[in-house]
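Keeping their order, the protein sequence lines are chains A and B.
Its first residue numbered 149, the first sequence is counted upward by one per residue in the numbering used here.
Its first residue numbered 149, the second sequence is counted upward by one per residue in the numbering used here.
Everything labelled a hint here was simulated from the structure, so no lab data went into it.
Glycine included, each C-beta is placed from N, C-alpha and C at the ideal position.
Be a bit skeptical, because a hint or two may be false.
Far from chain B by the CB rule (all over 12 Å, computed), these chain A residues [stated by the list, open to error]:
hint: 1; residue: M149
hint: 2; residue: G190
hint: 3; residue: W221
hint: 4; residue: T226
hint: 5; residue: D240
hint: 6; residue: L266
hint: 7; residue: R283
hint: 8; residue: E294
hint: 9; residue: A389
hint: 10; residue: D409
hint: 11; residue: I427
Facing chain A, according to a computed beta carbon distance under 10 Å, are these residues of chain B, among others [unchecked claim]:
hint: 12; residue: I186
hint: 13; residue: G190
hint: 14; residue: R216
hint: 15; residue: E229
hint: 16; residue: L247
hint: 17; residue: R254
There are 2 protein chains.
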Amino acid sequence: MKIVVLAGGLGGSRFARALAEAIAPRELTIVGNVGDDIEVHGLHVSPDLDTILYTLTSRLDEERGWGRREETWAALETAAELGAETWFRLGDRDLGLHLARTERLRRGEPLSSVTRSLATAFGLEPQLLPATDDRLRTWLTTPAGEFPFQEWFVARRHRDEVDAVRFEGEDEARAAPGVLQALEEADLIAIAPSNPYVSIGPILAVAEIRSALEQRRVPAVAVSPLIGGKAVRGPADRMLARMAGGTGPAQVTGCYKGLIDALVIDEADAGQPAGVPTIVTRTLMNDAEARSRLANAVLDAAGAPA
Amino acid sequence: MKIVVLAGGLGGSRFARALAEAIAPRELTIVGNVGDDIEVHGLHVSPDLDTILYTLTSRLDEERGWGRREETWAALETAAELGAETWFRLGDRDLGLHLARTERLRRGEPLSSVTRSLATAFGLEPQLLPATDDRLRTWLTTPAGEFPFQEWFVARRHRDEVDAVRFEGEDEARAAPGVLQALEEADLIAIAPSNPYVSIGPILAVAEIRSALEQRRVPAVAVSPLIGGKAVRGPADRMLARMAGGTGPAQVTGCYKGLIDALVIDEADAGQPAGVPTIVTRTLMNDAEARSRLANAVLDAAGAPA
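Can you build the whole structure from these sequences, using the hints too?
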C-alpha cells in the first residue's frame with residue numbers, strides 16, 4: 149500500500165506521522181510545501197520540511213509546535229543583542245540544520261537532494277520530498293498590503309485578513325525529482341489537514357503536480373483542517389470564510405476541485421454539504437490512538453472508486 | 149594623542165587592547181584585516197574584526213585564542229550530525245554575531261557601517277574599522293597548491309610552506325570610510341605584532357592605505373611578532389624564514405619597507421640588525437603589566453622623528 153501525502157507544517161506533519169505509524173513507513177512519500185521557505189540572515193530555512201522532519205524523528209518541540217525540543221537560543225540572543233531582526237525564531241540546533249542545508253544548496257545541490265541527505269542523517273523512514281526544487285514563494289494580498297508568507301504569518305502574526313494568495317515562481321516550477329513517480333506509483337493520494345491556501349496551495353501551484361492529481365487513477369482523499377468550522381491552529385478558518393464564503397466542508401472541497409474523491413471531516417462537521425463523499429471520524433490528532441483512528445479512516449478510502 | 153593601529157587577529161587584538169588601556173580608548177582607531185574573511189554556509193565571518201571586538205570587550209575565550217568565552221556548540225554539533233563541513237568552528241554565540249552581520253550586509257550596508265553597529269552594541273570604545281569595505285581575500289601559494297586563507301590556516305592547520313601570498317581584489321579595494329581620515333589625524337601609527345604577510349599584508353595591499361603610510365608626517369612604529377626569532381603563535385616565523393630568508397628584526401622591517409620609522413623588538417632579539425631604529429622591551433603580552441610595558445614602549449616612539 150503506497151501512499152503519497154501532500155503536507156504543510158504542523159497539521160501536515162502530524163498527519164504524515166499518523167500515516168507512517170499505520171503503514172510500513174517506507175511505503176509513505178511526503179510531498180512538503182516550500183512556499184513558506186525563507187532566507188534568514190543568509191540561511192535557507194524550509195519551515196514545513198523541517199517540521200515534518202522533526203515531527204517524524206521525534207525531535208519536534210510538541211508544545212511549541214515548531215522547532216526542536218531541548219533547544220537552546222544562544223545565537224538568537226546574541227543576534228538580538230546586536231540589533232538583528234529576530235522575529236523569525238531560530239534555535240541553536242535548528243540553526244545547525246539550516247547551516248548544513250545552506251552549505252549544500254550553495255554548492256549547487258538541489259533542495260530535494262539536500263533534504264534526502266538531512267532526512268537520512270536524522271533517520272527519517274518515509275520519503276520526504278519538497279514539492280519543487282525551484283524557487284516558489286507564497287505572497288499574501290491583505291488590506292495592509294502584500295507580504296511574503298513569513299512576514300505575514302510570523303512577524304505580523306497573520307493578523308491581516310487575506311484577500312488573495314499568489315505563488316511567485318509558479319509558472320516555472322517543476323515537480324521535484326521523485327514526486328511525479330511517487331504519485332504515479334501510489335495506491336492512495338492523501339491531502340493532509342493543512343491550510344488549503346498557504347500549505348497545500350503552493351504544492352498544487354506546481355502544474356505538474358496538479359495535473360498528476362487531475363489525471364489520477366487511484367483515490368485521492370483530503371482531510372479537512374476544520375473541526376466544527378474552526379481551524380485547530382492558524383488562520384485557515386478566517387481565510388476560508390473570507391475567500392470561499394464559509395467554513396464548512398464544501399468550502400474545503402472547493403479548494404480541491406477535481407482533485408479529490410472524498411473528504412475526511414470531523415464529527416462536529418457531519419451532515420453539512422461537502423460536494424464529495426465524506427468520511428466522518430474524529431480528526432484531532434492529540435494522541436497515538438487519535439492518529440491511528442484518523443489514519444485508518446483515510447486508508448479505508450483506498451477502497452473507494454477513483 | 150591619537151593613534152591608529154593596523155591589526156590582525158590575536159596578536160593584533162592583544163596589542164590593540166594594550167594601547168586602549170594606555171591611552172583614552174576613544175583616541176584609538178583600529179584598522180582590522182579582512183583578508184581572512186570567509187563565507188561559512190552563507191554567513192559572512194570576519195575573524196580578525198571579531199577577535200578584536202571580543203578581546204577588547206572581554207568576550208574572547210583567552211585560552212582558546214578565538215571565539216567567545218562561555219560558548220556553546222549546539223548548532224555546530226547538529227551541522228556535523230548532518231554531514232556539514234565543520235572545520236571552521238562556529239560557536240552558538242559567535243553565530244549570533246555572524247547572523248547579525250550577514251543580515252545587514254545583505255541589505256546592502258557596507259562592512260564598516262555594520263562593524264560600527266556591532267561594536268557599539270558590544271560597548272567597544274576604540275573605533276574599529278575594516279581596512280576596506282571591498283572584497284579582499286588572501287590566497288596562499290604552497291607546494292600543495294593555492295588555497296584561500298582559512299582553508300590553509302584552519303582546515304590544513306597551516307602545515308603547507310608558503311611560497312607567495314596574493315590578495316584577490318587588491319586592485320579595486322578602496323580604504324574603508326574613516327581609515328584615511330584617522331591616518332591623517334593620527335599622532336602615531338602603529339603596526340601590531342601580527343603576521344606581516346597574512347595579517348598586516350592585506351591591509352597594506354589597499355593602495356590608499358599604503359600610500360597614506362608612505363606619506364605619513366607622524367612616526368610609524370611596528371612591533372615585531374617574533375620573540376627570539378620565533379612566532380608567539382602561528383606561522384609567521386616559518387613564512388619569514390622561507391620568503392624573507394630569516395627570522396630576525398631585519399626580515400620583519402623588510403616587510404614594512406618605507407612604511408615604519410622604528411621597530412619594537414623583544415629583548416631576546418636585541419643586537420641584531422633591523423634596518424630601522426629599534427626599541428627593545430619585552431613584547432609578550434601575557435598580563436596587564438606586560439601589555440602596559442609594551443604600549444608605553446610604543447608610545448615613547450611618538451617622540452621619535454618621522
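Each hint tested on the structure:
For M149/A, the requirement that its beta carbon stay farther than 12 Å from each beta carbon of chain B is met, with the minimum near 31 Å. The claim that G190/A lies off the interface is violated: its Cβ sits roughly 4 Å from the closest Cβ of chain B, which falls inside the 12 Å cut-off. With a closest Cβ-Cβ approach of about 8 Å to chain B, W221/A is found to fall inside the 12 Å limit, against its non-interface label. Listed as outside the interface, T226/A is inconsistent with that label: its C-beta sits roughly 3 Å from the nearest C-beta of chain B, within the 12 Å cut-off.
Consistency note on D240/A: stated as away from chain B, yet its beta-carbon is not over 12 Å from all of that chain's, at 4 Å minimum. The claim that L266/A lies off the interface is violated: its Cβ sits roughly 5 Å from the closest Cβ of chain B, which falls inside the 12 Å cut-off. Even its closest Cβ contact with chain B, about 16 Å, leaves R283/A beyond 12 Å, as expected for a residue assigned away from the interface. The beta carbon of E294/A sits about 20 Å from the closest Cβ of chain B, which is more than 12 Å, so the claim that it is off the interface holds.
With a closest Cβ-Cβ approach of about 36 Å to chain B, A389/A is found to remain outside the 12 Å limit, as its non-interface label requires. No Cβ of chain B comes within 12 Å of the Cβ of D409/A; the nearest lies about 39 Å off, and the non-interface call holds. The claim that I427/A lies off the interface holds: its Cβ sits roughly 39 Å from the closest Cβ of chain B, which is beyond the 12 Å cut-off. With a least beta-carbon distance of about 13 Å to chain A, the hint placing I186/B at the interface is violated under the 10 Å criterion.
A hinted interface residue such as G190/B counts as satisfied when its beta carbon comes closer than 10 Å to some beta carbon of chain A; here the least separation is about 4 Å, so the hint holds. For R216/B, the shortest C-beta to C-beta distance to chain A is roughly 8 Å, which falls under 10 Å, so the interface hint holds. Restraint check, E229/B versus chain A: the minimum CB separation of about 6 Å is within 10 Å; hint holds. Because the smallest distance between the Cβ of L247/B and any Cβ of chain A comes to about 4 Å, under 10 Å, the interface hint for this residue holds.
Among the interface hints, the one on R254/B holds; its C-beta lies about 6 Å from the nearest C-beta in chain A, closer than the 10 Å criterion.
When the structure is compared with the earlier hints, violations turn up for hints 2, 3, 4, 5, 6, 12 and for no others.
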